[in-house]
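Residues 1 to 618 (full-length UniProt numbering) make up the sequence shown, in order.
Honestly, the hints are just simulated from the structure, not real lab data.
Computed from a prediction, not measured in an experiment: that's the story for all the values here.
For every residue, glycine included, the Cβ atom is placed at its ideal position computed from N, Cα and C.
Careful, some of the hints might be misleading.
As the list claims (entries may be wrong) - Straight-line Cα separation of at most 30 angstroms, DSSO-like style, residue types lysine-lysine; simulated pairs: (1) Lys547 - Lys481; (2) Lys131 - Lys208; (3) Lys131 - Lys144; (4) Lys169 - Lys131; (5) Lys583 - Lys467.
What the hints assert, rightly or not - Between beta-carbon pairs, the in silico distance windows are: (6) Gln564 - Val28: 50 to 56 angstroms; (7) Thr474 - Asp120: 24 to 30 angstroms; (8) Gly296 - Ser341: 18 to 24 angstroms; (9) Ile479 - Leu526: 29 to 35 angstroms; (10) Glu559 - Pro156: 31 to 37 angstroms; (11) Phe385 - Arg483: 56 to 62 angstroms; (12) Leu380 - Arg168: 42 to 48 angstroms.
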Amino acid sequence: MFSYDNSIIITAHSIWERGGGSTVKGLVNRIKLIFSNISLKRKILTIVLVSIFLISGVSLAGISVVSDAYLKLLQKTIANNLSYSATTISYYLSNIETMSGLMLSDSNIQSNLSDVRHSDNPRIRTEAYKKLSYTVLEYYQQYKPNFISYITLNNPDFITYSNFLGSRKTPEEIERSVLNAAHDGDGRPVWICDYGNEYGIFMGRLIKNIQSSNLEELGTLLVSIDLDGLMNSLNKGDPLYENPQYYIMTGDTIIYNDNPISATIHDQRKASAMRSYDIMNVDGHRYFVTEDVIPGIGWTYVCYLSYDPIFKSVSFVRTLSIVMIILSILLAIIFSESMISFISRHTQGLIRKMEAFSTDENAVIDSDYDYSSRRDEFGLLNRQFDSMAGKIRHLIQVNYVNELWKKDAQLKALETQINPHFLYNTLESVNWRAQVAGNMEISSMIESLGTLLRATLSNSTSHFDLKKELEIVTAYITIQKYRFEDRLEFSIHCDEALYNAQIPKMCIQPLVENSINYGLEESTELCSIEITIEHQQESGSLMVLVKNDGSLFEECLLEKLRSQEIRPHGFGIGLINIDERIKLMFGKEYGLTLYNDQEWAVARIHMPYITDQEEIVC
Numbered sequence: 001m002f003s004y005d006n007s008i009i010i011t012a013h014s015i016w017e018r019g020g021g022s023t024v025k026g027l028v029n030r031i032k033l034i035f036s037n038i039s040l041k042r043k044i045l046t047i048v049l050v051s052i053f054l055i056s057g058v059s060l061a062g063i064s065v066v067s068d069a070y071l072k073l074l075q076k077t078i079a080n081n082l083s084y085s086a087t088t089i090s091y092y093l094s095n096i097e098t099m100s101g102l103m104l105s106d107s108n109i110q111s112n113l114s115d116v117r118h119s120d121n122p123r124i125r126t127e128a129y130k131k132l133s134y135t136v137l138e139y140y141q142q143y144k145p146n147f148i149s150y151i152t153l154n155n156p157d158f159i160t161y162s163n164f165l166g167s168r169k170t171p172e173e174i175e176r177s178v179l180n181a182a183h184d185g186d187g188r189p190v191w192i193c194d195y196g197n198e199y200g201i202f203m204g205r206l207i208k209n210i211q212s213s214n215l216e217e218l219g220t221l222l223v224s225i226d227l228d229g230l231m232n233s234l235n236k237g238d239p240l241y242e243n244p245q246y247y248i249m250t251g252d253t254i255i256y257n258d259n260p261i262s263a264t265i266h267d268q269r270k271a272s273a274m275r276s277y278d279i280m281n282v283d284g285h286r287y288f289v290t291e292d293v294i295p296g297i298g299w300t301y302v303c304y305l306s307y308d309p310i311f312k313s314v315s316f317v318r319t320l321s322i323v324m325i326i327l328s329i330l331l332a333i334i335f336s337e338s339m340i341s342f343i344s345r346h347t348q349g350l351i352r353k354m355e356a357f358s359t360d361e362n363a364v365i366d367s368d369y370d371y372s373s374r375r376d377e378f379g380l381l382n383r384q385f386d387s388m389a390g391k392i393r394h395l396i397q398v399n400y401v402n403e404l405w406k407k408d409a410q411l412k413a414l415e416t417q418i419n420p421h422f423l424y425n426t427l428e429s430v431n432w433r434a435q436v437a438g439n440m441e442i443s444s445m446i447e448s449l450g451t452l453l454r455a456t457l458s459n460s461t462s463h464f465d466l467k468k469e470l471e472i473v474t475a476y477i478t479i480q481k482y483r484f485e486d487r488l489e490f491s492i493h494c495d496e497a498l499y500n501a502q503i504p505k506m507c508i509q510p511l512v513e514n515s516i517n518y519g520l521e522e523s524t525e526l527c528s529i530e531i532t533i534e535h536q537q538e539s540g541s542l543m544v545l546v547k548n549d550g551s552l553f554e555e556c557l558l559e560k561l562r563s564q565e566i567r568p569h570g571f572g573i574g575l576i577n578i579d580e581r582i583k584l585m586f587g588k589e590y591g592l593t594l595y596n597d598q599e600w601a602v603a604r605i606h607m608p609y610i611t612d613q614e615e616i617v618c
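Model the full assembly from the supplied sequences, consistent with the hints where possible.
The structure is reproduced here in structure tokens:
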């Protein structure tokens, strides 16, 4: 079989030798560009139409030399009955399968079937039944032109009908067999063809809860198709045909026939190696028989009509017509193969991306084709898949962070199980003894420690106003000043108008503690710590700067802590905690930034300026 690229190269090379190489090359490139940007539906339609036109054109050229009768009877029968009728049947059945898929994933059907299954409330169940009835009827009215007799939606509690009277024509044992087959299909569309002549064909499909992890069964969809109506809608009314007859089979079993002679033709067909069309003798009469596989379904479709009126003409042109038809089929196969190969390359590429992502969601597959400018379905699918993969990676990361917060909360809950009132009362007793003894320094330290404990052990809120947060910082500094005395200089620069700003709980004190830890405990020099708080009117942001000298931040410290290039421990964990809490509360555009400004180490908190507690996302 020739590939698409080779056939194009051979054709272009032959014309190039005639002196039109550059023109042909430009034309070929233009055709490729146009074909690349049309929709998938038009791609497939182009393949089918070109194949049919090749067969029809070559057949017409040969048959028209001999007889108009051959043209009207044989060529029309082959071209129309072989391709159009089979395609029409496939179109209607594919529409029904598409409808079943839409109903399977329909949010109304999913939610109402789930309500019926899980709710004991009669009002909810009644409302669900009404909504299901309306939805089923809506699908029935929309897809009724596809020769649907009726639709039923079955669940253990009741059945929803699109057409109750129509469904009563079908025996219950047949419906039970369809439901059982659908259950065995486990969500796939299942076609039941055992009753084609009497009751038509049926499609069953199991409906599962796509929102649950175990895909629990919610119900079963049953669709009855009027096969007689479908077959009668084909080209029997066309005056070009002399009463064509049809039968459909799956494997070697006939599932529909509209004439007793079909069984005889079927037996002869099984006994002979039949081509796409053939002539058979039945009871002294000749019949022209064509067959094809219905696309997408896999059933064999057979059409036959009386061949006696054109037998003499067919005998005369048989050799010529066969040769020309074979040539047209070969050309159609070559063309279809090349076009399908062109399309399948993109399909395989998308499949490889999906397989790689299913194995490792962080895998990045390099494609040898740029889909960003493609306007057809392949471009849309690749862009949507890439977008979906990015969102999934984001969700995985968010869930991972939430799990860390959950574990951190559990640990803190265990650490704070000591009764806070016991600690407060003990500190009050110590404070009282210190005051009695006249030791006001110890009394001041104990009062500051009590303030810190009340703030850290309080679980009533996840945020403070700025004034309370600064009181906590002041209490902490009071304790540290008794420890470091003149080595510690501390100042706060903040307009009192900002005191009602809402900020995350305990987000400034850990930064001050970090400054003391690295600026004083690891040095014997004087350390200055400054807190500057500003309201940026234009952006509506609140900036909190905690600066200290005597130490500097390592470059890209937060990023290294997150990637574990530097092992987070102690204050490192606290810095990450502050940044993550701010991002979770206000969004990823806010957070903590660490940098150095000459001899100062600066920790900057960027958050929105909010004064209403209800605007804080806890």
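Checked hints:
no. : hint                                : in the structure
1   : Lys547 - Lys481                     : holds, 17 angstroms
2   : Lys131 - Lys208                     : holds, 18 angstroms
3   : Lys131 - Lys144                     : holds, 19 angstroms
4   : Lys169 - Lys131                     : holds, 25 angstroms
5   : Lys583 - Lys467                     : holds, 22 angstroms
6   : Gln564 - Val28: 50 to 56 angstroms  : holds, 55 angstroms
7   : Thr474 - Asp120: 24 to 30 angstroms : violated, 59 angstroms
8   : Gly296 - Ser341: 18 to 24 angstroms : holds, 20 angstroms
9   : Ile479 - Leu526: 29 to 35 angstroms : violated, 19 angstroms
10  : Glu559 - Pro156: 31 to 37 angstroms : violated, 56 angstroms
11  : Phe385 - Arg483: 56 to 62 angstroms : holds, 59 angstroms
12  : Leu380 - Arg168: 42 to 48 angstroms : holds, 45 angstroms
Taken one by one, the earlier hints fail for this structure at numbers 7, 9, 10, listed in ascending order.
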